[in-house]
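*Asks:* The lines below spell out each chain.
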Amino acid sequence: MTASGVATRARRRARWSLRGRARPVVPYLLLLPSGLVLLLFLAALILLLIYSFKDYTSIVIEPGWTIGTWKHFLTSRFYWSIVWETVELGLVVTGVTLLIAYPTAWVLAQIRNRALSTICYIVLFSPLLVSVVVRSYGWLLLLGNRGLVNDELVRLPWVHAPIQLVFNFTGVAIALVHILLPFAIFPLLSVLRQLPPNVREAAADLGAPPWLAFWRVILPLTLPGVVAAAQIVFTLTVSAWVTTVLLGGGRVLVVAKLVYDNISNLNWPLGAVESLILLAITLVALAISSRLSRAIYLGREA
Amino acid sequence: MEGIGRRPWLPLSLVFLVVLAFTIAPLAIVVINSFNSSAYSEWPPAGFSTHWYLTVLGYQPFRQGFEISCLVGAGATLLSLIVGSMAAFALVRYRVRGQSLIRSLYFLPLTVPRVAIGFALFSIFIATHSQLYGTLQGLILAHALIVLPFVTTIFVSNLGNIDPVFEEAAQDLGAGRLRVFWSVTLPQMRTGFVVAALFAFITSFDELETSIFLVRPQTNTLPVSMFFYLEQQQTPTLAALSTILIGLAVVLVLLALPLLLRGGWSQLIPIGGGRR
Chain X
351 MTASGVATRA RRRARWSLRG RARPVVPYLL LLPSGLVLLL FLAALILLLI
401 YSFKDYTSIV IEPGWTIGTW KHFLTSRFYW SIVWETVELG LVVTGVTLLI
451 AYPTAWVLAQ IRNRALSTIC YIVLFSPLLV SVVVRSYGWL LLLGNRGLVN
501 DELVRLPWVH APIQLVFNFT GVAIALVHIL LPFAIFPLLS VLRQLPPNVR
551 EAAADLGAPP WLAFWRVILP LTLPGVVAAA QIVFTLTVSA WVTTVLLGGG
601 RVLVVAKLVY DNISNLNWPL GAVESLILLA ITLVALAISS RLSRAIYLGR
651 EA
Chain A
-18 MEGIGRRPWL PLSLVFLVVL AFTIAPLAIV VINSFNSSAY SEWPPAGFST
32 HWYLTVLGYQ PFRQGFEISC LVGAGATLLS LIVGSMAAFA LVRYRVRGQS
82 LIRSLYFLPL TVPRVAIGFA LFSIFIATHS QLYGTLQGLI LAHALIVLPF
132 VTTIFVSNLG NIDPVFEEAA QDLGAGRLRV FWSVTLPQMR TGFVVAALFA
182 FITSFDELET SIFLVRPQTN TLPVSMFFYL EQQQTPTLAA LSTILIGLAV
232 VLVLLALPLL LRGGWSQLIP IGGGRR
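Chains as they are written, first to last, in the numbering used here: chain X, 351 to 652; chain A, -18 to 257.
Hints may be right or wrong, so weigh each one.
Computed beta-carbon distance windows for the label pairs [unchecked claim]: (1) X/E551 - A/G157: 55 to 65 Å; (2) A/P25 - X/L466: 26 to 36 Å; (3) X/V504 - A/F174: 32 to 42 Å; (4) A/L159 - X/A393: 26 to 36 Å; (5) X/L636 - A/G228: 18 to 28 Å; (6) A/S111 - X/L466: 49 to 59 Å.
Chain X residues, not near chain A, derived (Cβ > 10 Å throughout) [said to hold, decoys possible]: (7) I432; (8) L492; (9) I513; (10) P560; (11) L569.
So the derived list for chain X, only partly shown, Cβ under 10 Å to chain A, looks like this [unchecked claim]: (12) L390; (13) L395; (14) T416; (15) G418; (16) V433; (17) L458; (18) L474; (19) F475; (20) A590; (21) V595.
Hints in this document: simulated from the structure, not taken from any laboratory. Just so you know, even glycine gets a beta-carbon here, dropped at the ideal spot from N, CA and C.
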């Protein structure tokens, strides 16, 4: 609150002081270098769009235009099943991650002891410092048929053989939940910390049992954080490639994997179509989440 | 009269402990496995051995990858810090036409999947005959692009929190625009630079999904070499390398800790909720 207050005041004053004296070219010169980098990026995306309308016959890209590749993708049951599997993975991972992240952020926001909370922060956020390859490798070691988890599981009386936890959907989902957990905790933590501490006391004084206070008061107040977390986790899950390839062992097919496989086969037009489909999935998710946050905001105003 | 859960409720605390264990587990198993004397990475470990650490140090692709990743990380950090801080300065301290459009443009690389960025850059590097494919320059450019949204946001909130009153004072005392920036603005942006540099370097050092489209065998970055290795085999050699990398990350955290504890850093982290 105060930070943004200072920021707007600072900005207003800066404009006032620089008005008249500043030559209008200066800010544009400052934006130029980063603008060139972004321009390269935009050009690359447009090139992708162009390639998706090119014909492809054995490595050679033909000069004419065609909608054949798009038609091939969009009318194929196989490709739609992969799109669906990608979205399904996104939904499952987002759901599970939120269920874990919410109570975690809750407890983290309550810890008053400074040393303890610092340690918890480091433990929860340090995996971000370690490569996704390392974390996926760790899960391969843990979940493999001769790994620690199965070693313990087979001791249970009703488990007779190791349970297949890698090279399938389950393994990919577990590893992705782990990798994306910090991204969900962060936005949740920031809304939970803004929650006035007397809200719960007020609900309790009015006779609400804890679960009702949570359901009717606390959850609605923290919903913007939930939407932000869901959006980040979903978009990162559907575009995740390394973890799906390593933990999926080639058996979990998602759009990101198709992109890489087709580029390796030098089928650029198909790879371009798949990249754009993947981009479309993340853009739809972004649109839905911004709709949701606006609805929450308007619901509050009313 | 008791406030509900002033202290976290016991079952919740247990959930919290389980989550902490879940977070640490895959890293802990990697460290343990790096000392496993068996090549098959089974549980429980067959015996204690430091043999794999010697293997890592002698394995050419990892040594080369480490060198490449350090160079690319340093280059991408430098490039993104320079262009990002310039852009943030323009966006915060000046009135720019189309401000909101420009800002959303800076967020674009964040919304595009890394794999798509990789393929798009690969195709433009090839199509323009720019000789950037498979070179360090190409990788540096790609990584700078990926971290640019984060770096710019860090600097924007950093500058937004700096009261321009000092800059005005310096101007009133007759300092030129460059002099003001160099000796008044820049020193105040120190925290922003440290946080942005850490963030940019770590992101670049660990980047794989874009890099893998842009490398040739002689420019394989460390994550790319590790990925190819892991696709082939699972000997504890990779665990030893991972342990070394975890150790480096721990050192980095310990070095940055005093700065982070001084406070104010959390406002600079770009993944805040609801602000986007």
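*Asks:* Double-check X/L474 for me: the hint is only fine if its C-beta lies closer than 10 Å to a C-beta in chain A.
*Replies:* 6 Å, holds
*Asks:* Minimum C-beta separation from X/L569 to chain A exceeding 10 Å: can you confirm that?
*Replies:* 14 Å, holds
*Asks:* Could one say that the CB atoms of X/L636 and A/G228 fall in the range 18 to 28 Å?
*Replies:* Violated: the Cβ-Cβ distance is about 37 Å, outside 18 to 28 Å.
*Asks:* Less than 10 Å between beta-carbons is the criterion; does X/L390 satisfy it with respect to chain A?
*Replies:* Since the shortest Cβ distance to chain A is 7 Å, the answer is holds.
*Asks:* Checking the smallest CB distance to chain A, is X/L492 really beyond 10 Å?
*Replies:* At about 5 Å from chain A, X/L492 fails to clear the 10 Å cut-off, so the statement is violated.
*Asks:* Does the beta carbon distance between X/V504 and A/F174 stay inside 32 to 42 Å, or does it fall outside?
*Replies:* 53 Å, violated
*Asks:* Is the claim that X/I513 lies outside the interface with chain A correct, judged by CB distances over 10 Å?
*Replies:* Check passes; 14 Å lies beyond 10 Å.
*Asks:* With 10 Å as the cut and Cβ atoms as the points, is X/T416 at the interface with chain A?
*Replies:* 17 Å, violated
*Asks:* At 10 Å, judged by beta carbons, does X/P560 keep clear of chain A as stated?
*Replies:* With a cut-off of 10 Å, X/P560 comes too close to chain A, as the shortest Cβ separation is near 5 Å.
*Asks:* Taking the least C-beta to C-beta distance, is X/L395 closer than 10 Å to chain A?
*Replies:* Where the cut-off is 10 Å and the nearest Cβ of chain A is about 5 Å from X/L395, the hint holds.
*Asks:* Should the interface hint for X/V595 be scored as holding, given a Cβ-Cβ cut-off of 10 Å against chain A?
*Replies:* 8 Å, holds
*Asks:* X/I432: least C-beta distance to chain A exceeds 10 Å?
*Replies:* Its Cβ never comes within 10 Å of chain A, the nearest being 14 Å, so this holds.
Hints 3, 5, 8, 10, 14, 15 and 16 from the list above are not met by this structure, while the remaining hints are.
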